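Student: Okay, here's what each chain looks like letter by letter:
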Amino acid sequence: MSEGNMNLTLKVWRQKNAKVNGNLETYQVAGISEDMSFLEMFDVLNERLVSEGKEPIAFDHDCREGICGMCSMYINGRPHGPLEAVTTCQLHMRSFKDGDTIVVEPWRATAFPVIKDLVVDRTAFDRIIASGGYISVNTGNAQDGNSLPIPKEEADKAFAAAACIGCGACVAACKNASAMLFVSAKVSQLALLPQGQPEREERAIKMVAQMDAEGFGNCTNTGACAIECPKEISLENIARLNREFLSSSIASTVA
Amino acid sequence: MSWLTKTLSSSIGKKVLMSLTGLFLCTFLVVHLSGNLQLFYKDGGYAFNTYAVFMTTFPLIKVISYGNYFFILFHAFWGLYLEYQNRKARSVRYAVVRNSSSWSSRNMAILGTVLLVYIVVHMGDFWYKYHNEPLPYVQYRENVVTGERMFAEMPSSYKQDVKKVEISDLESGTHLVIVKDLYKEVSVAFQNPLLVLLYIIGMLAVGFHLYHGFQSAFQTLGWNHPKYTPLVRGISTWIFAILIPIGFAAMPIFFYVKHLMGN
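Those protein sequence lines, which keep their order, are chains A and B.
Each number in this note's numbering comes from the position in the first sequence (counting from 1) with 177 added on.
Each number in this note's numbering comes from the position in the second sequence (counting from 1) with 429 added on.
No lab work stands behind these hints: they were computed from the structure.
Quantities reported herein were computed from a predicted structural model and do not represent experimental measurements.
Positions of the beta carbon are idealized from the N, C-alpha and C atoms, including for glycine.
One or more of the hints may lead you astray.
Below, a list of computed lysine to any residue pairs in the SDA-like style, where the Cα atoms sit at most 20 Å apart [as the list claims (entries may be wrong)]: (1) K188/A <-> K443/B; (2) K274/A <-> R527/B; (3) K352/A <-> Y495/B; (4) K443/B <-> A207/A; (5) K188/A <-> A207/A; (6) K196/A <-> K443/B.
Simulated restraints, written as ranges between beta carbons of each label pair [unchecked claim]: (7) Y557/B <-> I292/A: 53 to 63 Å; (8) H654/B <-> T278/A: 50 to 60 Å; (9) S324/A <-> H654/B: 23 to 33 Å; (10) T278/A <-> S438/B: 43 to 53 Å; (11) E202/A <-> S520/B: 35 to 45 Å; (12) E202/A <-> Y510/B: 49 to 59 Å; (13) K491/B <-> T430/A: 36 to 46 Å; (14) G208/A <-> W652/B: 31 to 41 Å; (15) R271/A <-> V549/B: 38 to 48 Å.
Derived, one-sided and incomplete: chain B residues facing chain A with beta-carbon distance under 8 Å [said to hold, decoys possible]: (16) T434; (17) S530; (18) S585; (19) Q589; (20) V591; (21) Q648; (22) L650.
With these hints in hand, go ahead and build the complete structure from the sequences.
Tutor: Now the structure itself:
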């Protein structure tokens, strides 16, 4: 990696585990290239901390190409940093200026307790998916795709909702730490397609019940989630979730 | 739990209760404004005072008004409860926050609390006095031939058991109406610049609250559609956030300016 010339002041949340209090620690990093990704800048800092015999900063990451949904840094007051429609791993140092101070915090939500430093426990999302975010498929040969006519517009909406990578930026951005954008994307992608119909009614009810049980806040339609979402999931999905949940609760016999 | 309590105690159900009571209160504002525009008539308060009698005696309106009091209290305290839950959902706050949402949408609870205080003061000013205090009476004497209407204050010792005394005297061709003079009460109250200021602050809070609130209520009910959402947002901004608060705020300003100009 080419040597860069950016000098930055980082204020990073350090917390040993969920049981103790954390605090913001200040680090000076020098020689950062503007072509580095934000996570590579953290790699450089961690290499240095390791060589100094200090505890490296724990942060989540996996694919580093914006599709796994693992990276989860709250950078200068915004999930995934200053750009829109990118994850932290897709954020590059050219989005910052030499001499900047950058504050990095973990997602803050009671339902996402801190495991260590910048790593939070997002298994609440897994439990919401397990409660109803699936379809039942009979064994045997796959059905011919052409035998299931789906209007292009519906397919596009389902695809757009399915782009959700479950990173939790919506929860992090929401002033209420509400998970409605995530749940609405997961309900929508299946409610819009024929394969999702058998469990459609109970899915909306069960996933909302699990979401509430996890301790996420109530949606107040501020719209911060959709603006900060790296996959640009639309607020229309939240309206659809409301429709799915209300019509299933009122008109079906599932609840 | 029955399906209904389960539905209403879910996060979406709780929001639906906020949405429906909020929309009811929005329709109330429209009625309240259109009725109170009669304060601007130059008729010695005849239209306004007889309207006040109608609003406090007509059975259907009375029933709705009790619903209205209940919905105001419910909307306020349910909203504070939701705000409490939402704050609990983020037990550790961020050190740095850069918001991308509208100021109104983030401050609904604070705006609502300002409104609750405003409503208590407002009802104490007029509703309580109209119902519980001996307001002076005013008589309107209409010449049924010319349509000319004279008004005169009744002596302060005058009292009547009904809200409106109406006498038609065909021989002299006059129609006499005696009612409580709430119009006078309003015009005197708004000679106080502090009260005028409080009302303007109250109406600013209404505007910002409804800029988010009205259109948000539709989203909560699942009403988000490319054909109708622009209309809902337009009504939210232009009618509920701008036109209605200005209409209400014009009343205290009107009476204050009238007082300054010496009448």
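Student: Let me know if the C-beta of Q648/B comes in closer than 8 Å to any C-beta of chain A, holds or violated.
Tutor: holds, 5 Å
Student: At the C-beta level, are H654/B and T278/A separated by a distance inside 50 to 60 Å?
Tutor: Roughly 44 Å apart at Cβ, these two residues miss the hinted range, so it is violated.
Student: Against the range 23 to 33 Å, how does the distance between the Cβ atoms of S324/A and H654/B compare: consistent or not?
Tutor: holds, 30 Å
Student: Tell me if the beta carbons of G208/A and W652/B are separated by a distance inside 31 to 41 Å.
Tutor: violated, 54 Å
Student: Quick one, are K352/A and Y495/B close enough, alpha carbons at most 20 Å?
Tutor: violated, 34 Å
Student: Once the shortest beta carbon distance from Q589/B to chain A is found, is it less than 8 Å?
Tutor: Violated. Min distance 50 Å.
Student: Are T434/B and chain A close enough, Cβ to Cβ, to be under 8 Å, as the hint says?
Tutor: Check failed: Cβ of T434/B comes no nearer than 11 Å to chain A, outside 8 Å.
Student: Check the following: the C-beta atoms of T278/A and S438/B are separated by a distance inside 43 to 53 Å.
Tutor: holds, 45 Å
Student: With the threshold set at 20 Å, check whether the alpha-carbon distance from K188/A to K443/B stays at or below it.
Tutor: Judged against 20 Å, a Cα distance of about 39 Å means the pair is violated.
Student: Closer than 8 Å between Cβ atoms is the bar; does S530/B clear it against chain A? Give me holds or violated.
Tutor: Status holds, d = 4 Å.
Student: Mind checking the alpha carbons of K196/A and K443/B for me, to see if they're no more than 20 Å apart?
Tutor: Violated, at roughly 32 Å.
Student: Does the hinted range 36 to 46 Å hold for K491/B and T430/A at CB?
Tutor: holds, 40 Å
Comparing the model with each earlier hint shows violations of hints 1, 3, 4, 6, 8, 11, 12, 14, 15, 16, 18, 19 and 20; every other hint is respected.
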